[in-house]
Amino acid sequence: MMLYFLCLVLFCVGLYGVLRKRNLVKIIIGLGIMEYAMNLFFVLLGYRFNGRAPIVAKDQNILNMVDPLPQALVLTSIVIGLGVTALVISIAIRIYEKYGTFDITKIKRLKG
Amino acid sequence: MELHILLIFMIFAAIVAIEVKDLLSSVIAVGAVGFALCLAFLVLKAPDLAITQLVVEILCLIILIRATINKDLPLVIEGRWIFNTFSTLGFIAVFLLFSWLALKELPGFGEPIMAVVKKYLQEGVSKTGSVNIVTAVILDFRAYDTLGEATVLFTSVIGIMAILRKPGRKK
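Sequences listed follow chains A and B, in order.
Residue numbers for the first sequence follow the working numbering, beginning at 1 and rising by one.
Residue numbers for the second sequence follow the working numbering, beginning at 1001 and rising by one.
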């Protein structure tokens, strides 16, 4: 319970960065922190006390393994997060080349 | 207990990453968050995730440093600073309150329900031949998800190439 709440506090730190900061790189970092917090939350939901990694062994049964399904989904999510970060960073680099700043209040001209 | 320490360290490093002035220091701090997340996956008995997170974190750091090198600018904070900060913090407090109420309905930490995965665990070895259940799920039972993931990755690569290419000559 406390762990879930700490995980949500980490999510809120990222949310604060996205909502409050004016630098584009800070906003991207906030997005990354939110993504980390969500991945961690899903894996925390599947943890079992004294469980083992989900690899089948001789004396293994259902009651002493952690839940492998959130791990499989989070594996997909991590890789997609890399794609999202790379795309957003490339857009930020392009904006910097065009406007010479990362400050979002100074990027007003939307014409190409 | 070690999970609590790791999470508090991650929250601290995230606050540093958000609040520090220099952009390069901020990127290094977010790298600290990512590597602590890798350790947390190891503690939570998810070795596949830890390996993937390590590789992805290194790639993310390289990309972020490419974006921020030689480009750190002083941030100007002007007008309505107090109003903006307090309204954001108030919104986050409301979010945390409702999430606290919602967390009471979840199963407690350490006792997952595992209703869906029971079938995969019983039939995994005989149907797929893989002793690692995570690999069995990701490459056999839910292979279409993995195909979609590869599609998303290639789409993002196409997007990056379209954004970052040099404009061609005009005729």
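Hints should not be assumed to be uniformly reliable.
Unchecked claim - List time: in silico EDC-like cross-link candidates among lysine to aspartate or glutamate, alpha-carbon distance up to 20 Å:
| no. | chain 1 | residue 1 | chain 2 | residue 2 |
| --- | --- | --- | --- | --- |
| 1 | A | LYS21 | B | GLU1019 |
| 2 | B | LYS1166 | A | GLU97 |
| 3 | B | LYS1021 | A | ASP59 |
| 4 | A | LYS58 | B | GLU1123 |
| 5 | B | LYS1119 | B | ASP1140 |
| 6 | A | LYS108 | A | GLU97 |
| 7 | B | LYS1118 | A | GLU97 |
| 8 | B | LYS1118 | B | GLU1149 |
| 9 | B | LYS1127 | B | GLU1149 |
| 10 | B | LYS1119 | B | ASP1145 |
| 11 | B | LYS1127 | B | GLU1111 |
| 12 | B | LYS1119 | A | GLU97 |
| 13 | A | LYS21 | B | ASP1022 |
| 14 | A | LYS21 | A | ASP103 |
Hint data in this document are derived by calculation from the structure and do not stem from the laboratory.
Against the structure, the hints:
{"no.": "1", "hint": "A:LYS21 with B:GLU1019", "result": "holds, 9 Å"}
{"no.": "2", "hint": "B:LYS1166 with A:GLU97", "result": "holds, 12 Å"}
{"no.": "3", "hint": "B:LYS1021 with A:ASP59", "result": "violated, 54 Å"}
{"no.": "4", "hint": "A:LYS58 with B:GLU1123", "result": "holds, 15 Å"}
{"no.": "5", "hint": "B:LYS1119 with B:ASP1140", "result": "holds, 14 Å"}
{"no.": "6", "hint": "A:LYS108 with A:GLU97", "result": "holds, 15 Å"}
{"no.": "7", "hint": "B:LYS1118 with A:GLU97", "result": "violated, 53 Å"}
{"no.": "8", "hint": "B:LYS1118 with B:GLU1149", "result": "violated, 25 Å"}
{"no.": "9", "hint": "B:LYS1127 with B:GLU1149", "result": "violated, 23 Å"}
{"no.": "10", "hint": "B:LYS1119 with B:ASP1145", "result": "holds, 18 Å"}
{"no.": "11", "hint": "B:LYS1127 with B:GLU1111", "result": "violated, 27 Å"}
{"no.": "12", "hint": "B:LYS1119 with A:GLU97", "result": "violated, 53 Å"}
{"no.": "13", "hint": "A:LYS21 with B:ASP1022", "result": "holds, 13 Å"}
{"no.": "14", "hint": "A:LYS21 with A:ASP103", "result": "holds, 9 Å"}
Against the hints set out earlier in the document, violations occur for numbers 3, 7, 8, 9, 11, 12.
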